[in-house]
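Trainee: Protein sequence lines, in the order shown, are assigned to chains L and W. Going by our numbering, the letters in the first sequence line up with residues 3 to 792, in that order. Going by our numbering, the letters in the second sequence line up with residues 218 to 500, in that order.
It is worth saying that the hints were derived from the structure and are not from the lab. Quantities reported herein were computed from a predicted structural model and do not represent experimental measurements. Wrong hints could be hidden among the right ones.
Claimed, not checked - Subject to a maximum C-alpha distance of 25 Å in a straight line, what follows is the list of computed DSS-like cross-link-like pairs (lysine-lysine): (1) W:K333 / L:K782; (2) L:K419 / W:K333; (3) W:K335 / L:K782; (4) W:K296 / L:K780; (5) W:K439 / W:K411; (6) L:K646 / L:K706; (7) L:K46 / L:K18; (8) L:K121 / L:K154; (9) W:K335 / L:K780; (10) L:K177 / L:K94; (11) W:K300 / L:K418; (12) W:K333 / L:K418; (13) W:K424 / L:K418; (14) L:K435 / L:K780; (15) L:K418 / W:K296; (16) L:K624 / L:K604; (17) L:K208 / L:K83; (18) W:K447 / L:K783; (19) W:K296 / L:K419.
Chain by chain, the residues:
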Amino acid sequence: MRDMNLIIKGNIRKNKAAYITVFILMFIVSVCFVTVLSVVNNTKKHNLKAMEKTGLGDMLIWCNEYNFENFEEAKTKLKNKLTDCDAISETKAIEVIETLIIDINGKDYGNTVFLIDYKSKDVSYEIYDKDDNLVTEPQLDKGEIIVPISFKVLFDVNIGDTFTIGRGDDTYDVKIAYFFEDPYMGTYLMGIKTLLISDYDIAYIKEKLGEHAYANSVLYSLKKSDSKMNDIEFEKCVNKDTNISAYGWISITKKQCNTYMMMIVNIFSGILIGFIILLVVIAIIVLGHNISNSIEKDYVNYGIYKAVGLTNGKLKLSIMCGYILTCILGFIAGTPVAIPIIKLVNKILRPVGGTYVEADADIGVSLLAMLLILVLVGIYIMIKVARISRVTPVMALNEGRADVHFSSVLRLPISKKLLNTSLAYRQLISRKKQYISAVIITALLVVFMVLINQTLSWMSDGDGKWMSELFDPVSYDMTVTGDNYIDLEAHRGEIDRLIEEYSGYTRFHAQNKYLLLEDAKISCLLIDNPEAISNITKGRTCLYDNEVVFTYYLANELGVGIGDTVTIGEYDEKEEYIITGLVTGGNDAGKSFMMSCKGYEKLVKDASWNWILDYYSLDDTKAIDEIVDLINEKYGKYNIKAYKEYYDMSNDPITMAIDGISVVIYVLSAIFIIITVVLVSGKMYEREKKDYGILKACGFDAGKLRSQFALRFMFASVVGSLFGIVLALIFGEDIMSMIFRMFGVMHIDFSFGLPALIIPVGVMALMFYTFAYLVSRKIKKVETRVLVVE
Amino acid sequence: MKKTILEAKNLCKSFANEGNQVHILNNIDLKLYEGDFTVVMGASGSGKSTLLYNISGMDKPSDGSVLFDGEDITGLSEKRLAKLRAFSFGFVFQQIHLVNNLTLMENTLVPGYMDKDKTKQQVRERADILFEKMSLTEAKDRLPSQVSGGEAQRAAIARAVINEPAILFADEPTGALNRSNTGKVLDLMSMLNKEGQSILMVTHDIKAALRANRLIYIEDGKICGEMELKPYFELTGFDIDGRFKAKDSDDKNSYLIREKDINKDELKDREAQVNAWLSSMNW
Chain L
3 MRDMNLIIKG NIRKNKAAYI TVFILMFIVS VCFVTVLSVV NNTKKHNLKA MEKTGLGDML
63 IWCNEYNFEN FEEAKTKLKN KLTDCDAISE TKAIEVIETL IIDINGKDYG NTVFLIDYKS
123 KDVSYEIYDK DDNLVTEPQL DKGEIIVPIS FKVLFDVNIG DTFTIGRGDD TYDVKIAYFF
183 EDPYMGTYLM GIKTLLISDY DIAYIKEKLG EHAYANSVLY SLKKSDSKMN DIEFEKCVNK
243 DTNISAYGWI SITKKQCNTY MMMIVNIFSG ILIGFIILLV VIAIIVLGHN ISNSIEKDYV
303 NYGIYKAVGL TNGKLKLSIM CGYILTCILG FIAGTPVAIP IIKLVNKILR PVGGTYVEAD
363 ADIGVSLLAM LLILVLVGIY IMIKVARISR VTPVMALNEG RADVHFSSVL RLPISKKLLN
423 TSLAYRQLIS RKKQYISAVI ITALLVVFMV LINQTLSWMS DGDGKWMSEL FDPVSYDMTV
483 TGDNYIDLEA HRGEIDRLIE EYSGYTRFHA QNKYLLLEDA KISCLLIDNP EAISNITKGR
543 TCLYDNEVVF TYYLANELGV GIGDTVTIGE YDEKEEYIIT GLVTGGNDAG KSFMMSCKGY
603 EKLVKDASWN WILDYYSLDD TKAIDEIVDL INEKYGKYNI KAYKEYYDMS NDPITMAIDG
663 ISVVIYVLSA IFIIITVVLV SGKMYEREKK DYGILKACGF DAGKLRSQFA LRFMFASVVG
723 SLFGIVLALI FGEDIMSMIF RMFGVMHIDF SFGLPALIIP VGVMALMFYT FAYLVSRKIK
783 KVETRVLVVE
Chain W
218 MKKTILEAKN LCKSFANEGN QVHILNNIDL KLYEGDFTVV MGASGSGKST LLYNISGMDK
278 PSDGSVLFDG EDITGLSEKR LAKLRAFSFG FVFQQIHLVN NLTLMENTLV PGYMDKDKTK
338 QQVRERADIL FEKMSLTEAK DRLPSQVSGG EAQRAAIARA VINEPAILFA DEPTGALNRS
398 NTGKVLDLMS MLNKEGQSIL MVTHDIKAAL RANRLIYIED GKICGEMELK PYFELTGFDI
458 DGRFKAKDSD DKNSYLIREK DINKDELKDR EAQVNAWLSS MNW
């Protein structure tokens, strides 16, 4: 054992730079892995714990007074139905007020909010002050309100800011007093929000807003503790037994909420874990390079060791132990560094995810990941050190060197005009093996860069239309909304004519409604002009009254496809429909389907359509701003407002997070490129020292030689980038689909734009050239005297 | 009156070794003349190679100056020195220093291509002529690892003279070669000298020294003696039809002058003369 210790120490002493590199790489991998895995696991654990704490159970159904003639009686009936259900252990109800946010931070907003008494005994939320400290006994004055933490990014508001709730002219101003954690609907991605307010205000709002504040009852049921059903099975079972969803206007399961709550964390951790795995692969490639380099450098030593009787096994083990030890040290050093980063990431994700997640390092999972990496590294080292067995003492003492013989079809003549470039190219192709690691590493990094660039360019395209493409199965250019359908109907003709003066148009109406699909409450888009469903990538739209269009996600989830028949229900009615097409779209986490108004009328015979939102698709959008301004100016007095289909994505947290991830990817890529260049060039410098001397004696100055040196890396990076682009083109769509599946988008048309492909090539070439040029400063020190035999 | 092309004045080179100054060159004054084949001789460690590298700008002297074209090259920037090495000085080393991933022809073309005043065609033509003279035409597309030491060293000489340098510096160019290749390389040097190429060669081989028309003896970093000889190419049997083609050569393709074509008596006399001089220098 003592001899092994000595060999390990000797190896480390001689190859300090290689061991330091491995340490740095594993340190980076450790920091990234511990951070990402901890954030994901902490969020997962915290959200489930927080859900338990609220006491809202496994299935929530919102019942609106609007849908019942005698709401009190209906509530009792529904509650009894649920209580009698075998799958349910307990059912409770909370009284809430449903209204809208109509003006917040100077912007019009129309999303639904539920107001709950903040002192309600039926539900328990954690409340925080502006410094994110838990407030155990919050006190609300009149007009004060507690909002989810996601309001910070949703509306750019903070504690002390005011906003207006209500409907039409019946409004009420409220001031934000605290933030709270809503583990069911708190995420930035969910439009409907719960707000906490005093019982005094609830009563006042009921009175002030009158019919513009609907009474709702949230019925929430708990699964039996011994139940083995998952949430979907539970939901189906309850619906089958009670048909309860038919009476609620929204029903949602704990699992669905958790999917939404985890979505952002899952998407970004998915991208980052993918990138970290790539870093591990790169680290292993660099490690392999280090090992073969150090074996070459130590050829004589291994010969000597063998000559004095050391076995191949011991020599291999000594190398493996040295590197494994370095990896372990890198991992250990990285873990404490990850803790402040976890805190920072949590702080950034808090208003997006909506929950106050702990910032502890999840050592258990991280340790498992690290162990897995160590096993991989160990196996790889064993493969790399196998060549030691082939070294005989005599071979080693001769340093195992061979003459350079090379012939290559890639060989091009040396050009006078491009002398530096052609020399650099020749040097590259004559020692191709040296650059393999640089090529592979570039290829892998470029795949990620291309994907992230395409995502960013896709997001920044067309005023953020990607968002609507992602979530809406319909595409449109503008909307006109009225406070009530009577005013809108009265002016619709005039508005149509006004638009027609500027451009041809198609107008349609659409409305989301939760319908029972195979006993589960699923969001359905009812549309009067099914031709407007634009994102159909398979099949055709639902033209007839017995047809529906599904999202890929939903079709996949139910195991159905085009031509299959499904049963859809509303209240006590049920009808069969045929699936005619599949669309992209992540609305309701991808769990949605579409049918025509005629189709709905087949199910609900007396359906009435009082549209208060008109969608317009323009043939020519040049004058859209003018049209919108004109409508607002002319019909504003009737509370009719026009909106351009526009998403301001500049401050959107998803865009910002993708931007952030791209920065992380580029920075880590730069670090890995530096490491690769340093390692490869170190080996090359020793081998080529004589060539630099020769070329200097021929009249090349250091600048030209350094530029040749850097050009070689640039060429290698271009070759790697091309491989990367090919890989991205082949697998990119699948990788992105995998990521967007988390959004509920099963199929995306992710065609790569030229800039997304070109930019990484340029960036990689520039980085490789610059770093190689900087690293090559050693060439300056090479004197022609290296050629002199003293 | 011969024209001076390079002049070293008070050239000194010293190294610090464990606190002591070791003087390799001591106030050397030396002039090189146009068209001369100058050979520097001396025992090992006498400072002859150091003199060559300091006088040629490949190393920086500790003191003194080296004038070339009226300019002191000891203070030139790296860029200017590179230019000097590209177009004014040529170098041949003891070891065969060719870039091993370039063919012999490419090794020769690379410095030629650096001359912006010449077209690619002109450089190629000059390289072809040199390769023909050096009997390298068949080997021109081979890599250094695929040819003999003599061929490689001849290619190194071709590379050194591709830009028609003012001076060709050669440091023991035959030191790593066998007897047959040594002869070929020396024949080539003589041939170039006959064409007007000025040469400064360092050697401790008397056979190589015989090629010079000027011999310098150096000891302990000082020039101890100097002797003049008739140019080698003026020996009977050397100059054949103006193209250096050996008369009665067995090798019909060879353009190299060979020792065996030289008048044996004249050669013997020359060797005796040099030996006597070297003996007087305590060689």
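Trainee: Determine for every hint whether it applies to the structure shown.
Mentor: Status of each hint after checking the structure:
1. W:K333 / L:K782: holds, 24 Å
2. L:K419 / W:K333: Answer holds: L:K419 to W:K333 is near 9 Å, not above 25 Å.
3. W:K335 / L:K782: violated, 28 Å
4. W:K296 / L:K780: This hinted pair holds, its Cα atoms lying about 17 Å apart.
5. W:K439 / W:K411: violated, 29 Å
6. L:K646 / L:K706: Cα-Cα ~57 Å, so violated.
7. L:K46 / L:K18: violated, 41 Å
8. L:K121 / L:K154: Holds, at roughly 23 Å.
9. W:K335 / L:K780: Violated: W:K335 and L:K780 sit about 32 Å apart, past 25 Å.
10. L:K177 / L:K94: Given pair L:K177, L:K94 is violated - Cα atoms ~30 Å apart, limit 25 Å.
11. W:K300 / L:K418: holds, 17 Å
12. W:K333 / L:K418: Holds. W:K333 to L:K418 sits at ~9 Å (cutoff 25 Å).
13. W:K424 / L:K418: violated, 39 Å
14. L:K435 / L:K780: This hinted pair holds, its Cα atoms lying about 22 Å apart.
15. L:K418 / W:K296: holds, 20 Å
16. L:K624 / L:K604: violated, 40 Å
17. L:K208 / L:K83: violated, 28 Å
18. W:K447 / L:K783: Judged against 25 Å, a Cα distance of about 42 Å means the pair is violated.
19. W:K296 / L:K419: holds, 20 Å
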